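Q: Residues per chain are reported as follows:
There are 2 protein chains.
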Amino acid sequence: MKRTAFFISDGTGITAETLGNSLLSQFDGIQFNKVTLPYIDTLEKAHAVALQINAAVEADQVRPIILDTIVNDEIRNYIAQCNGMMIDVFATFLKPLEKELGVHSNYTVGKTHAIQQMHLYKNRIESVNFAIDNDDGARTQQYDRADIILVGVSRSGKTPSCLYMALQYGIRAANYPFTEEDLSLKSLPACLEAHRSKLYGLTIDPFQLAAIRHERRPNSRYASLDQCTLEVRTIERLFRQERLPCINTTTFSVEEIATRIISEAKLVRQP
Amino acid sequence: MKRTAFFISDGTGITAETLGNSLLSQFDGIQFNKVTLPYIDTLEKAHAVALQINAAVEADQVRPIILDTIVNDEIRNYIAQCNGMMIDVFATFLKPLEKELGVHSNYTVGKTHAIQQMHLYKNRIESVNFAIDNDDGARTQQYDRADIILVGVSRSGKTPSCLYMALQYGIRAANYPFTEEDLSLKSLPACLEAHRSKLYGLTIDPFQLAAIRHERRPNSRYASLDQCTLEVRTIERLFRQERLPCINTTTFSVEEIATRIISEAKLVRQP
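Protein chains in written order, with my numbering: chain A, 32 to 302; chain B, 32 to 302.
These are computed hints drawn from the structure, not numbers from a lab.
One should not assume that every hint holds.
Identical chains blur together in the list; that is why a pair holds if it fits in one copy or across any two.
[To be verified] Quick list of in silico lysine-lysine cross-link-like pairs, DSBU-like style, CA-CA up to 35 Å:
1) K65 - K142
2) K130 - K76
3) K217 - K65
4) K130 - K33
5) K33 - K217
6) K217 - K297
All figures in this text were calculated on a predicted structure; none of them were measured in a lab.
Throw the hints in and build the complete structure from the sequences for me.
A: Rendered as C-alpha cells:
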C-alpha cells in the first residue's frame, strides 16, 4: 500500500519534515511518498497546495497524511478543509503551552530556523569554517581551539561527523586521519599527544571500509581488504593502549555518530 | 522568568529538540534553559533523568516543560511521573496514525535517524564529499555531476549552504567564488557558462560582508567596505545581466538559504 504524506510549513519545513519522518518511521510496512512544501505563507500558495493534495487523493485512492506546522490560522484552516488526515502540530501543542506558561504565543511565522541570536549563529558558521580548515589533519596548530578532535583511519566517517557537529550544534570539531606512517609509530603522533583529552576515536568494520574506499579508488592497495583490516586492527589496538574513547561507526548514521560522541564526551549542544 | 525545558529521547534526540525549539520559539518573552537528553533507553537512565528534572523544579521553583519522543512505554511512564508539563509526541500522534493507517506501529527505538535505506544514506555522504571536493571552485570538471552550483563573492554564504544541502538532503552542491579577475570579465567565466542552468547566485549586504571578512583578515583591503561594496555591486549587476536566480543571504540562516534555494530551483529533498 502506498500513501502520500505532506509536510507543510510557512517556514523552512524542517520541523514538519523531521517530526513527520520520525512518526512515519514507526510504520515499516507502508511505503510513503513524502512531499515537503515549505514557505506556504499566502492563501494563493495554500490554494496550490490544496490542488496538489486533491491530486494525491485521486492518484492514491486514499486520503493522504497532512502534517503541518503552519502558524497562520487562516492558511492552516484553508488546508484543513482538504481531504486528508491532519496532524496539526501547533494547534495541538501551542494552546496547552500557552496555558502552562501563562502568556500568548507570538504566532510569528518562520521563527524556528531564523537567526535568533546572532552570536550563536555566527558561532555555528565559524564552527563550519573551523571543521573545513581543520579537516584531514591539514592544520594541527588550531587544535587548542577545538572542542573535540576525531581520530581514525581514512574514510572511517570523521569528516561528515565533524561537519554535522559544527552545522547543527556549533561544536568546533577537528579531525586527524591516521596515515600508514602514523600507524607504524604504535603511539600517538606528537601533535595529538598534546591534546589527548580532546581525542575521540572512530573505527569501522574492515569490509565496509574496503567498500567505501573502493568507490574512491577502485582496485587500489588503499582499498584492499588486507590493507583495511591491517589499518583497523592497528588503530583499534592503539585506541585500547592509549585508553581513548571510541565509537564503531559501521551501522550508525552521521546523526547517530555525532549525537553519541556529543553525549559521551559531554559536549554542549548549542542551539 | 526562566523555565527549564527538557527534550528527551531514546534515540538521537534530534526530533524532540527540533520540535521543542520550534514550539518554544513562539514564546519570545520567556527565557528557556534547554536541555537535550538523548539515548535514554533504560530505566536506570530514566531514573537519572528524573533526578535531573527534580533538581530543575527545585532550582526554578516552577515545573519544567518536558517534551519527549520516547517509544518505550515503561520508560516514558516513568518519566511522566515527574513534576513537569509533559508534551508526549508519540503518545499524542501515533494512536491516531495507527487508526488511520490500519496497522500497529513498530514501537522501535531510534528509527528516525538510523540508516534506513543504505543507498539513500550513501548518497548523502557522497554529496558531502562532493561539496568538499567542489568547494571554492577548486575543481570545476565535476560540475556535470552537480545538482546546483552556488556562485557569489567570497564569504557570501556559499560553503555552509552547500554543506547543509548535502548533509540534510543529499543534494550535490558545488560552489564557485567570483574572484576579482572573474568580476573584471563582466560576463560568466567559461567553466560556468557551460552549466548555466545549474547556477544560483548568492548576494549579501556589503556592510555585513565587510564584517565577516574582517574577522577572517582584519584590516585588509579584502575586508574593506569599499572593496566589499564594489564586489557586491559588480556581481549583482552580473546576476541581472545574465538573468541568474539569486538570493540575498544577509538576514537568512543557512537553513533558510538552503531550503529557499531548493524550493526555488525545484530540487528534490532526499530523505
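Q: Please go over all the hints and tell whether each is borne out by the structure.
A: Status of each hint after checking the structure:
1. K65 - K142: Both ways: K65 and K142 sit 24 Å apart in one copy and 17 Å across, limit 35 Å.
2. K130 - K76: both (32 Å within a copy, 30 Å between copies)
3. K217 - K65: Result: close neither inside a copy nor across copies, 49 Å intra and 42 Å inter.
4. K130 - K33: Cα proximity of K130 and K33: across copies only (16 Å, versus 39 Å in one copy).
5. K33 - K217: neither (54 Å within a copy, 51 Å between copies)
6. K217 - K297: within (28 Å within a copy, 51 Å between copies)
Checked against the numbered hints given earlier, this structure breaks hints 3, 5; the rest are met.
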